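S.K.: Protein chains in written order, with the working numbering: chain C, 3 to 316; chain U, 2 to 257; chain S, 10 to 308.
Just so you know, these hints were derived from the structure itself, not from any lab. As the structure is a prediction and not an experimental result, all values here were calculated from the model. Any given hint could be a false lead.
Computed list of lysine-lysine pairs in DSS-like fashion (alpha-carbon distance at most 27 Å, straight line) [stated by the list, open to error]:
| # | chain 1 | residue 1 | chain 2 | residue 2 |
| --- | --- | --- | --- | --- |
| 1 | C | Lys305 | U | Lys132 |
| 2 | C | Lys315 | U | Lys147 |
| 3 | U | Lys107 | U | Lys132 |
| 4 | C | Lys315 | U | Lys107 |
| 5 | C | Lys305 | U | Lys124 |
Pairwise CB distance ranges (calculated) [stated by the list, open to error]:
| # | chain 1 | residue 1 | chain 2 | residue 2 | range |
| --- | --- | --- | --- | --- | --- |
| 6 | S | Tyr146 | C | Tyr78 | 53 to 61 Å |
| 7 | C | Ser31 | S | Leu66 | 48 to 56 Å |
| 8 | U | Tyr155 | S | Arg107 | 24 to 32 Å |
| 9 | U | Phe227 | S | Lys307 | 13 to 21 Å |
| 10 | U | Gly156 | S | Phe165 | 55 to 63 Å |
For each residue, glycine too, the CB sits at the ideal point set by N, CA and C.
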Amino acid sequence: MNTKNIVYYGIFLFSLIILPFFLNSDWVSVMTTFIIYSIVSLSQDIVLGRAGMFDMGHAIFFGLGAYSTAILNMVYGWPILATIPIAIILPIVASIILAAPIIHLRGDYLLVTTIGFNIVFTQALKNNVFGITGGPNGIFGVEPLKILGFVFSSQLSIYYLAFFILLLTLIVIHNLETSKPGRALHYLNLDSLASECIGINTRFYRLYSFALSAALAGLAGVVFTLQFSAVSPGAFNFIQSVLFFTIVLVGGPSSIPGVLLGTFFMFVVPEIFRQFAEARYLVFGVAMILIMIWRPKGIWPVKFGRIPNYLTKE
Amino acid sequence: MALLELNNVTKIFGGLVAVDSLSISIEKGMIYGIIGPNGAGKTTVFNCITGVYKPEKGKIIFKGKDITGFSSHKIANMGITRTFQTIRLFNEMSVAENIMSGRHFKSRQKWWHGIIHTPFYYKDERANWLKVKEYMELFGLARLAKMTAGSQPYGVQRKIEMARALATEPELLILDEPAAGLNDKERLELVDTIRKIRDMGVTILLIEHNMDLVMNITEYISVLNFGKKIAEGKPEDIQNNPVVIEAYLGKEEEDE
Amino acid sequence: MEIFFQQLVNGLTIGSIYALVALGYTMVYGVLKLINFAHGDLVALSAYIGLVTVMQLMGALSPVLLIIATFIITMILTSLGGLILERAAYRPLRKAPRLSAVVSALGASMIIENGIMLIWGPMPRIFPASAVPNANYNIHGVYISLMQVLVLVISFILMVALYLFVNRTKLGTAMRACAIDQDAARLMGIDVNKVIVTTFIIGSALGAVGGLFIGMYYRGIYFNMGWIYGLNAFVAAIIGGIGNIPGAMLGGMLLGIFNAFIAGYVSSSWSLALTYVLLIVIMILRPTGILGERVAEKV
Ligand SMILES: Nc1ncnc2c1ncn2[C@@H]1O[C@H](COP(=O)(O)OP(=O)(O)O)[C@@H](O)[C@H]1O
Ligand SMILES: [Mg+2]
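Isolated chain C, as found in the complex (with noise of 0.2 Å):
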């Protein structure tokens, strides 16, 4: 990272640290729900901007976390701790068992089958399978998280909690950013026959770009459910996944930068207008159809070439 980033991510994490202080408590949820979103939209990225591959059922995985966490503590009596790792284990099973069988699919074909992943989910959800799920209203009453006595109850802590999964988060997808998993996704992205002939196992980092990204996912939605106290079907229907699709391309693919704009333009701005109630949406598209136009690459696009300084000089 050079100078200049450190300087743009240490401004951007200072304003976060400090925003609560200037926001009145309705406010400093919408910004929880941005960091949530945030966190779920940077693990789409990992699939879609980075492995290139169309998945619209990226709300499968935040759900599975989100209701992992909600079904062992209030079904089974968890405490919300012991529910942490299940919550990320469990999308990541699932997104390899699912990925695996299409993950040779060309790009649309991928899309629709990902959006009848998404579909079957939210249906399973609904009609309340192996009745733990709550069915059409999901579940209610989850308790908050506990820490070595903190009880994470109030709005603020939970905003700092978001935070600092967002900065796991972060940290995950540079570390990422700079290795050889990372760059392989890329490559098999810009032209996975080239990749494969120079020896990358194409296969195997698709399936990991799938498992990694569910994972953070799964975490977002263990903090969704502690936001909410609740989780229901259609907080993780196919609606959603077409969001954070819109997300990453309006923002502006394998571009962390762009991929947080991106949330805030699609999460933020809309409250921001909550007053033009309906209309907003169609303003809404307009502005899709016009970023697009504008800025095909999304609105912060990528910049490649972040190569070791002892490259370039002598």
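Mind docking chains U and S with the ligands on chain C? Use the hints.
M.R.: Chains U and S with the ligands in isolation, oriented as in the chain C frame:
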């Protein structure tokens, strides 16, 4: 034992027999040429060797091991890499990142290094980038390291593609028409580079249309026509072989 | 056995509607390689246009004339909508990355859907029962309504007409050429823009018929119905092999029949999920759909 051996390899597309019962044998350390008119099946042979296509019949044996039907990445990891007739670079990425892709298998980073950076990661990362630097210097690309690969002139792109393939440290390097689209100066440079690569101990198999270059650089040639081998031998023998002149060189004169 | 044939008739009716809508997806995909996500909403819009037309003209025209006029007016206006869509949302993005056009399509879908809601409100609207006389024919215990006959006959005629157009006319041939290789088609002197515009006009007009059928057959229409009908039709196009015109017809029929039997024999709360299970299974077994061709990449 030959480094690479093809035994009766046959590849069929629909009804078209693109490669017909082809057998060739390439010794270690050689520069081997495959020539033949357009559509003769040369590229298809390369695709079969590198696992892009699976031949319908026949065996491909590399270092005594049957690799027929292996996936492309496995074959690459065993030591066969290639360039493409129509250049296939990661266009949006920088020259250095393109060449770094060739280091994928040699890099010993594991999956978790994409999540957590350990001290080993830093050591491995540095070692591989330094290797990239070496290859950039070998091909005279060092000052372009940060530039976007796709916006480079054609001749440079060919070099990047070769550097990328070479960065995998292959035993057999396969070049599909490496001189296509190059000017005279670049072509001379290419001859030098190919010899340099061979001197590094890499065996080279190439397809080329430019007769001067092929005759000048290769040590052994197979001639393909309609998927069949119609002749093989040393360059000077091929040049004087009446069958080849009729099928291939004769045809070229017609074109002009 | 009677239930079987009854469900078959119902399935073919729904299947014809899916097929009409699926054709719009598949034709646009054929020439632009773009999933036109706004197509479903255009279909919803056509149902509303149809409703307004019927309400305006009812009483002024005889029943037969009323239906003919409604179809013609709706088809023209919806095609116009398709033209505007192509012009405003897709044409500026023809050279952009493929996914940008997908986002643009999603944006257009949002505009149409919310536009409908702003104009006609969020509550469902009901097609007047008298738009099509409510006659039933009993054939050995299997009931077929006049509406069903209308759907089956008109769909069949339109599909045959489309088939003839694509395979027997110069413009249709140009369309197929563009679907195979747009650049080559352009070099051969084909006016690609004209082909694309024609594709949108025909696709939207067929979608309009589908939308009208949905309104007249199910009677209730609502502003966001484009998503669900669109998605089903889209699934039909994918099952048949997207980009393939007979594939869309086949996919539509298969999906319609499948849905009808699910509704007849399985609990309805799982019917939607089962449609997608079918899709997933087909995608795993035949990754390019039933009639879609597998193209090996030339290296
Ligand atoms: N993927 C493919 N599908 C169908 N035919 C192919 C494919 N690849 C090559 N061919 C055909 O095989 C024959 C040999 O092609 P190729 O190996 O590219 O020839 P060369 O490299 O000698 O010019 C040609 O007729 C070509 O059209
Ligand atoms: Mg060739």
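S.K.: So, for every hint listed, does it hold in this structure?
M.R.: Do the hints match the structure? See the list:
1. C:Lys305 with U:Lys132: holds (23 Å)
2. C:Lys315 with U:Lys147: holds (12 Å)
3. U:Lys107 with U:Lys132: Given that 27 Å is the threshold and the Cα spacing comes to 10 Å, the pair holds.
4. C:Lys315 with U:Lys107: holds (24 Å)
5. C:Lys305 with U:Lys124: Holds, at about 25 Å.
6. S:Tyr146 with C:Tyr78: 53 to 61 Å: Given a distance of about 57 Å, which is inside 53 to 61 Å, the answer is holds.
7. C:Ser31 with S:Leu66: 48 to 56 Å: Holds, at about 51 Å.
8. U:Tyr155 with S:Arg107: 24 to 32 Å: For tyrosine 155 of chain U and arginine 107 of chain S the Cβ distance comes to about 26 Å; the hint holds.
9. U:Phe227 with S:Lys307: 13 to 21 Å: holds (18 Å)
10. U:Gly156 with S:Phe165: 55 to 63 Å: holds (60 Å)
Consistency note: the structure conflicts with none of the earlier hints.
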